[in-house]
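A.B. asks: Take a look at the letters that make up each chain.
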Amino acid sequence: MTEIIEALQFTFMRNALLAGILVSIACGIIGTFVVVKRIVFISGGIAHAAYGGIGLGYYLKVNPVLGAIVFSVASALGMGAVQRKTRQRVDTIIGVMWAIGMATGIIFVDLSEGYKVDLMSYLFGSILAVPSTDLWIMLVLDLVIVALVASFYKELLAISFDETFATVENVPVDMIYVLLLCMIALTVVMLMRVVGLIMVIALLTMPAAIAAQFVKDLKKMMTLASLLGVLFTTTGLWLSYFMNLTSGATIILVSGAVYVLSLGLKPLLRHPELDSESVSSGVS
Amino acid sequence: MQVTKTPREMISIRHLWAGYESENVLEDINLSVWETDFIGLIGPNGGGKTTLIKVLLGLLPPSRGEVHVAGKSIKEGRRHIGYVPQVVQFDRDFPISVWDVARMGRLGQRRLLQRYTAGDNEIVAQALRRVDMLDLQDRPIGALSGGQRQRVYIARALAAEPEILLLDEPTASVDPKVSSSIYELLSRLNDHVTILMISHDMSVMSSHVKTVGCLNRRLFYHGAKQITPEMLEAAYQCPIDLIAHGVPHRVFPEHVVEEVHS
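In the order they appear, the protein sequences are chains E and V.
Quick note, the numbering used here runs 106 ahead of the 1-based positions in the first sequence.
Quick note, the numbering used here runs 192 ahead of the 1-based positions in the second sequence.
Hints listed in this document are in silico derivations from the structure and should not be mistaken for laboratory results.
Here the structure is a predicted model, which means the values were calculated and not measured.
Positions of the beta carbon are idealized from the N, C-alpha and C atoms, including for glycine.
Do not rely on the hints blindly, as some may be mistaken.
[To be verified] Pairwise CB distance ranges (calculated): (1) E:109 to V:304: 49 to 59 Å; (2) V:206 to E:243: 52 to 62 Å; (3) V:216 to E:333: 47 to 57 Å; (4) E:369 to V:369: 30 to 40 Å; (5) V:256 to E:191: 19 to 29 Å; (6) V:369 to E:270: 20 to 30 Å; (7) V:216 to E:369: 39 to 49 Å; (8) E:246 to V:251: 37 to 47 Å; (9) V:214 to E:197: 23 to 33 Å; (10) E:257 to V:265: 23 to 33 Å; (11) E:253 to V:309: 19 to 29 Å; (12) V:383 to E:243: 51 to 61 Å.
Isolated chain E (complex conformation) (with noise of 0.2 Å):
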């Protein structure tokens, strides 16, 4: 006890610790949308675009999050135009997209004068690391992501469950898509620098994908897979800290270790009554 409020002593372990609260209630919202739309493939090919960005960034001496942001956003923008327009071989193209946008990173970080960053610390980032106003951006963040899912919330939910449907009702189904995919875009290149570009696509899938098997309504899922995250980045961190193990990838393991946990706990919370009852009624 004593030693974890040494440990709090550490501005970087609150502001670790914080951190891990703001990433996971962008990451529970966004990645509610990226599970039920089953568009995690399309996310990890705006996050490494992103990683294009970062290059690019570096190359023309400008901040690599404003880079990452134009990149992540311009391929969220082009993936969402090219799936409405070709409905073929997307997963072909994200691939490209996904390879392309990473040897971008590395080659213009090559090619540019003077210090070389490490790349690396991009993937698996560094939440020990982070400056307080980085924490605020997170704050900002989130609160604009909570306003535009609150906001288009009827139209987000009738493109996710029914595409088609949504079309005939006349919902704007193009923008909104876009929209999300740009919300994608921004949760990914914020937490990024924060947390790495793994831990954004693990936080991004594994919390939310858990909160499925549990709760059957999309906004339960939403809440419970926030505070999941939260449940995972403070055990990984704290974990982390007294194993002295690399943060990023202590968290991811322990979400997937929650994961698996839960898929074999999956048929013991089964509600047998509710299968065979609904079969019945069915047939009067």
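Once you have looked at the hints, place chain V on chain E.
C.D. replies: Relative to the frame of chain E, chain V by itself:
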């Protein structure tokens, strides 16, 4: 501006050609759907059933011809259509309740940033009551049987307060008992709502619909209750020139149809 005595033409299809890239799936389709019609169109797979639905919903622009819904262009007129898709197209794991699915029928009445109103909720409740699903409103959609889910999608379509119901294979993947209860429901709804239904299963369909047609690239529709061997032969084997007397005429009420065929 129509004379009040004449029934309204709810869907009007004139010389419609449609398809993908350069290949036409629908050829020279002509169809008039009148108010309170209950039309079943049957046809083989690949005969253009889905394509026709896509055109009617404005998801696929026709390559030639004219389509009007409730006298308006498709984009305007599709708000009068309540669309009931095939059950099988859904993700059973999607975390959503019966109520939230049915309420999507109100989306067309609400703009962006507008919330659903108490009036919307009343209409949704009424729609669920009409299909006997109000008691299960809190159930996740994935926990329902196929027949129950089909009812929820019908309720969702009804929540839009449509003048036309457009159903795509409404009884695919449900057992015969359930499917006949769905058809009974549709017959009841047909008092107020025009119904156009597309299916490959003509056995169950023919006893409930008022008129039938065959669709296989071309449409063979006489506004009659019976499918003649000629229609079937034409639709399924050699879809040629019979279209000449497939010109749709007025659909008469049921007893008149019987006279015509006696």
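A.B. asks: Starting from the hint 19 to 29 Å, judge whether the C-beta atoms of residue 253 of chain E and residue 309 of chain V obey it.
C.D. replies: The hinted range 19 to 29 Å holds for residue 253 of chain E and residue 309 of chain V, with Cβ atoms some 22 Å apart.
A.B. asks: In this structure, is the beta-carbon distance linking residue 246 of chain E and residue 251 of chain V contained in 37 to 47 Å?
C.D. replies: 39 Å, holds
A.B. asks: Is 30 to 40 Å respected by the C-beta to C-beta distance linking residue 369 of chain E and residue 369 of chain V?
C.D. replies: 36 Å, holds
A.B. asks: With respect to the beta-carbon atoms only, verify the hint that residue 216 of chain V and residue 333 of chain E lie 47 to 57 Å apart.
C.D. replies: 54 Å, holds
A.B. asks: Does the Cβ pair residue 214 of chain V, residue 197 of chain E satisfy 23 to 33 Å?
C.D. replies: 26 Å, holds
A.B. asks: Looking only at beta-carbon atoms, does the pair residue 369 of chain V, residue 270 of chain E fall within the given range of 20 to 30 Å?
C.D. replies: 29 Å, holds
A.B. asks: Check the following: the C-beta atoms of residue 383 of chain V and residue 243 of chain E are separated by a distance inside 51 to 61 Å.
C.D. replies: Given about 60 Å between the Cβ atoms, the range holds.
A.B. asks: Should the hint that residue 256 of chain V and residue 191 of chain E are 19 to 29 Å apart at their CB atoms be regarded as holding?
C.D. replies: Hint holds: Cβ distance 23 Å, inside 19 to 29 Å.
A.B. asks: Using the beta carbons of residue 257 of chain E and residue 265 of chain V, state whether their distance is inside 23 to 33 Å or not.
C.D. replies: At roughly 30 Å between Cβ atoms, residue 265 of chain V and residue 257 of chain E fall inside 23 to 33 Å, so the hint holds.
A.B. asks: For the range 49 to 59 Å, tell me whether the beta carbons of residue 109 of chain E and residue 304 of chain V fit it or not.
C.D. replies: 52 Å, holds
A.B. asks: Has the hinted range 39 to 49 Å been met by the Cβ atoms of residue 216 of chain V and residue 369 of chain E?
C.D. replies: 48 Å, holds
A.B. asks: Given a hint of 52 to 62 Å, does the C-beta separation of residue 206 of chain V and residue 243 of chain E actually sit inside it?
C.D. replies: Cβ of residue 206 of chain V to Cβ of residue 243 of chain E: about 58 Å, so the range 52 to 62 Å holds.
Checked against the numbered hints listed earlier, the structure breaks none of them; every hint is satisfied.
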